Amino acid sequence: MKNSQLYKGSLTTIIMRLLEENGRMYGYEITQKVKQLTDGELNVTEGALYPALHKLEAEGFLDVEMEKAGNRLRKYYKLTESGEKETVNRLAELEAFIRNMQALVKPNLEI
Amino acid sequence: MNSNNIPNRLIDTIEIEKLYAFTDKHFVPYYDLQTELVDHLANAIEAQWMVTPNLSFEDALAIEFKKFGIFGFTTIVEERQAALSKYYWRKIFREFATFFRFPKIVLMLIMTGVLYRTLLLSSYNNYIVLALFGIMGIVEIVAGYQWCRKIRHQQKVTEKKWLLHDIIRNIYIMIPVMLFANSLNFLFKMAVNGTFGHWQIAIFTIIMVPLGFLEYVRIVKMPALIDQEMARIVKNHQFVK
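Going down the list, the protein sequences come from chains A and B. Counting from 1, one number per residue, gives the positions in the first sequence under my numbering. Counting from 1, one number per residue, gives the positions in the second sequence under my numbering.
Any given hint might turn out to be false.
[Said to hold, decoys possible] Okay, derived cross-link-like pairs now, BS3-like style, lysine-lysine, Cα gap no bigger than 25 Å in a straight line:
id : chain 1 : residue 1 : chain 2 : residue 2
1  : A       : Lys68     : B       : Lys156
2  : B       : Lys235    : A       : Lys55
3  : A       : Lys68     : B       : Lys235
4  : A       : Lys55     : B       : Lys18
5  : A       : Lys85     : B       : Lys86
6  : B       : Lys161    : A       : Lys68
7  : B       : Lys160    : B       : Lys104
8  : A       : Lys78     : B       : Lys18
9  : B       : Lys18     : B       : Lys104
10 : A       : Lys68     : B       : Lys160
11 : B       : Lys156    : A       : Lys33
12 : B       : Lys18     : A       : Lys8
13 : A       : Lys33     : B       : Lys86
14 : A       : Lys68     : A       : Lys78
15 : A       : Lys35     : B       : Lys67
16 : B       : Lys67     : A       : Lys55
Simulated from the structure, these hints should not be mistaken for laboratory data. Values in this document were obtained by computation on a predicted structure and should not be read as measured data.
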């Protein structure tokens, strides 16, 4: 992931936000969606994505659906009820973080 | 269609089998995890073929595998194991917590009282303590052995290995080792040094009764819940042609 230290803490929030918007998605689709939305700037690595998805699933925030896709099986993730509530909380937290960072960084930019 | 108007090349059934074998070779023996990785690799390879249709399957796979980093799939397997263990323990503790609420807490208090009183009145309470540890240890070992037999049978039937099964087996092996191997020396000293005093009995009872209930939840209550969960996982991973 580009600038991994900065993005790392927000990966689960990014995943939950995407699932909130798109209903259900599979792993590869999430990596492509992030790439597309950020014009290729942000690249979610496989090694970071799947652990994050599995952690959210184990915490009960994501539910899983398996489906046949051509000649293979596909695992879809979607938000559970508690996952939807958690997404709202995490987004609010992230927005507050962005606001605070802007307030902190802005004065320096104006100099 | 790609830019050359050639129909997009797709992963065929033989290549899917090769991908399963590839994940197995790279230390992912679990079918549930393999399935997810196979679909990911297949999608990524097909995306490469849209740009470079003549790229061989093996070369495309090598490029994609590189993206998983120097540890390959290892990190994903480890993190998945950690997540599933957490999930399993959370289920146990949720059930265990019900023993601290009415009406089950009454049973817990009665058993604590009975054990405390018995140990207090007995002149050989050190042997009772040893016997209780022994019984718990034997129950753990027997339950662990039965679990191992059961998963071996299920793996034979489904012809697949499942991560949740292995995690529970590891816990069955880990607990007796942790609980008993570490306390053998301590228990031996206790047996030799004679009977327990008032405070030792109180502390032992407060620890032992909840531990017994925790063992009950793990060994008696959990297998049914895990069977339900496994039935769901296996059903989800059945491929309908």
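Status of each hint after checking the structure:
1. Taking the CA atoms of Lys68/A and Lys156/B, the gap is about 24 Å. The hint holds against a cut of 25 Å.
2. With a C-alpha separation of about 22 Å, the suggested pairing of Lys235/B with Lys55/A holds against the 25 Å cut-off.
3. As the CA atoms of Lys68/A and Lys235/B are separated by approximately 13 Å, the hinted pair is consistent with the 25 Å bound.
4. A threshold of 25 Å between alpha carbons decides the hint, and for Lys55/A with Lys18/B the separation of about 28 Å lies outside it, so the pair is violated.
5. Straight-line distance between C-alpha atoms of Lys85/A and Lys86/B comes to about 21 Å, which keeps the hinted pair within the 25 Å bound.
6. For a cut-off of 25 Å, the pair hint linking Lys161/B to Lys68/A stands: about 20 Å separates their Cα positions.
7. Between the alpha carbons of Lys160/B and Lys104/B the distance comes to roughly 39 Å, so the proposed pair goes past 25 Å and is violated.
8. This hinted pair does not check out: Lys78/A and Lys18/B have alpha carbons roughly 29 Å apart, beyond 25 Å.
9. The straight-line distance between the Cα atoms of Lys18/B and Lys104/B is roughly 53 Å, outside the 25 Å bound, and the hint therefore fails.
10. Of the pairs offered as hints, the one joining Lys68/A and Lys160/B holds, with about 18 Å between alpha carbons and a cut-off of 25 Å not exceeded.
11. With a C-alpha separation of about 39 Å, the suggested pairing of Lys156/B with Lys33/A is violated against the 25 Å cut-off.
12. For the given pair, Lys18/B sits about 33 Å from Lys8/A by alpha-carbon distance, which is inconsistent with the 25 Å threshold.
13. Note on Lys33/A and Lys86/B: the hinted pairing is violated, with a Cα-Cα distance of about 29 Å set against a maximum of 25 Å.
14. Among the hinted pairs, Lys68/A with Lys78/A is consistent with the structure: their alpha-carbon atoms are about 17 Å apart, no more than 25 Å.
15. Restraint check: the Cα-Cα separation between Lys35/A and Lys67/B comes to about 15 Å, which is no more than 25 Å; the hinted pair holds.
16. At roughly 21 Å between alpha-carbon atoms, Lys67/B and Lys55/A fall within 25 Å of each other, so this suggested pair holds.
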